[in-house]
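Asks: Residue numbers (the numbering used here), protein chains in the order written: chain A, 1 to 235; chain B, 1 to 364.
A hint or two may mislead.
[What the hints assert, rightly or not] Calculated cross-link-like contacts (lysine-lysine; reagent style DSS-like; alpha-carbon spacing at most 30 angstroms): (1) A:Lys89 <-> B:Lys213; (2) A:Lys102 <-> B:Lys272; (3) A:Lys220 <-> A:Lys92; (4) B:Lys309 <-> A:Lys92; (5) A:Lys228 <-> A:Lys196; (6) B:Lys218 <-> B:Lys272; (7) A:Lys220 <-> B:Lys272.
Rather than coming from a laboratory, the hints here were simulated on the basis of the structure.
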Amino acid sequence: MGDSQYSFSLTTFSPSGKLVQIEHALTAVGSGQTSLGIKAANGVVIATEKKLPSILVDETSVQKIQALTPNIGVVYSGMGPDFRVLVRKSRKQAQQYYRLYKETIPVTQLVRETAAVMQEFTQSGGVRPFGVSLLIAGYDDNGPQLYQVDPSGSYFSWKASAMGKNVSNAKTFLEKRYTEDMELDDAIHTAILTLKEGYEGQISSNNIEIGIIRSDREFKVLSPAEIKDFLEEVE
Amino acid sequence: LTRVWPCELSIKRTLKRKKANGPTSPRWGKPGTKPPPRSFLLPQSNPDSLLQLHIRDSGEQQIEATKAPLLVALAPSPHSDQVRALVTRPMAGSMDLPTKGGFDFGLCRRNQMLAEKQGLKIPGFLKTGTTIVGLVFKDGVVLGADTRATEGPIVADKNCEKIHFMAPNIYCCGAGTAADTEAVTDMVSSQLQLHRYATGRESRVVTALTLLKSHLFKYQGHVSAALVLGGVDCTGPHLHTVYPHGSTDTLPFATMGSGSLAAMSVFESKFKEGLTREEGIELVAEAISAGIFNDLGSGSNVDVCVITKGKTEYLRNHLLPNPRTYNSSKGYSFTKGQTEILSTKITQLKPNVEVAEGGDAMEE
């Protein structure tokens, strides 16, 4: 890296003490499609709207929710290609952790390592910050957990959170509807209703994506048929 | 079968040319010149064939071979733990740099010097001295292994696990150096998991096979792992053997390890196509038992693994033909009077025993 002409960081402080590039990255996130996550008493649900640029796009080829390990999944708001890079790196880090400690990586550790990668890109030469915010959902020995990671590399644990276009409305909605002892199925209904709030157009099983993790610790992305069942329950 | 590497021919030409030109004055030391690449001459059993590796001095080791596209690692004195350290080093840094393959030659000169001058005996490694087998039956693959790990003449582990997990539908038996088989199977298992995430599909046996053989070939036989790899994927059941130098075979039945001849004799006489699951397990157990009873390097119990489409059963300690029969199950009891008392001497301890109230003496 040292020999290149861009061995200086492109993310520099402004006189007011802000890192303007990170602010811009957050703006990019804020104009991305809405995604949200809810931590229930016995699991976590993450969901996102999957608006495709045209009806001709094959929606089965687009996967916005990905599994990082068998018990940890992630969804994003922002730039899809940046998300793919982070998913690849996180998966590799989870494998390396396993090979080193022969223990499946705890959710907090994976979040920390992913956040460290995102921070590196705000302080290295010739690179720009990632234009995504991640919602990482997992279930390990410390129970169900939901974390949000920002382009700056800061991470927070949430009981329920939303990101992207409709964030303020979605968060208000979640604040009203969230209860501590929610069951996972209630959480899924709440998630669908929250997405419906800000959705422009008709919500259906093909234009939203939902990922859940129950106490069996198996992260799975719901199929369109399963989403349809939940949608019908909500109606 | 001696193979002549293409690089050997070009090296001979280089040597001839260098001899013809005569000794050249040192080109480094003048401003603006870099020192020439260091070249290591590695002792080979055949003095006519020299393999030269040029290592560029840039702080990072990039091992390049003169005109040989594939050449990498050679170590005069392999240390299984050093090789392992290279294999399991976690990747640092945020950028996905291309992996720097090959052996780290830093300590080779020192090892050579220690061996020659100070007569240091290079430590041996734990070999498994094993019987491992595999066969293809009607619905899938059956793998079998014994459970003895030897360290020379000593049994180091009476019940070790030689059937390693690669993927939910692929298992691998390992013979050779225990550390090498463990490390190599763990590494490939990890790579297969990443590949499954990237593709969203079940792993194929040939993928595991290719990852294993490329790794072993890269290390030119110094990673002493002889494997029997079996599994069932979307293209059907597969069984392969992998040798330490990186060659592979695809077979309907296979045996490896020091007990392979005993096991192969059983297979050759009793194997037939289209065995049922029970017949397959019985035949594998029989082959491993042949190895256990006729080979000193194999012993203890029989482990079996049955892989079919969609289901894998790992039958740990399927047979226990060597139980410990010399221990009394009732335990030992010695009644009073069985030991003859020859003499008695009673020494009084000091009558004044002071109990100190020491609450602060013990610090946590």
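Asks: Take the hints in turn and mark each one as holding or not.
Replies: To see whether the hints hold, each was checked on the structure:
This hinted pair checks out: Lys89 (chain A) and Lys213 (chain B) have alpha carbons roughly 26 angstroms apart, not beyond 30 angstroms. Note on Lys102 (chain A) and Lys272 (chain B): the hinted pairing is violated, with a Cα-Cα distance of about 40 angstroms set against a maximum of 30 angstroms. The straight-line distance between the Cα atoms of Lys220 (chain A) and Lys92 (chain A) is roughly 19 angstroms, inside the 30 angstroms bound, and the hint therefore holds. In summary, the hint linking Lys309 (chain B) to Lys92 (chain A) is supported, as the alpha carbons are separated by about 28 angstroms, within the 30 angstroms threshold.
Using a Cα cut-off of 30 angstroms, the hinted pair Lys228 (chain A) and Lys196 (chain A) holds, with the two alpha carbons roughly 14 angstroms apart. Our distance criterion of 30 angstroms between C-alpha atoms is broken by Lys218 (chain B) and Lys272 (chain B), whose separation comes to about 36 angstroms. Simply put, Lys220 (chain A) and Lys272 (chain B) have alpha-carbon atoms about 42 angstroms apart, too far for the 30 angstroms limit, and the pair is violated.
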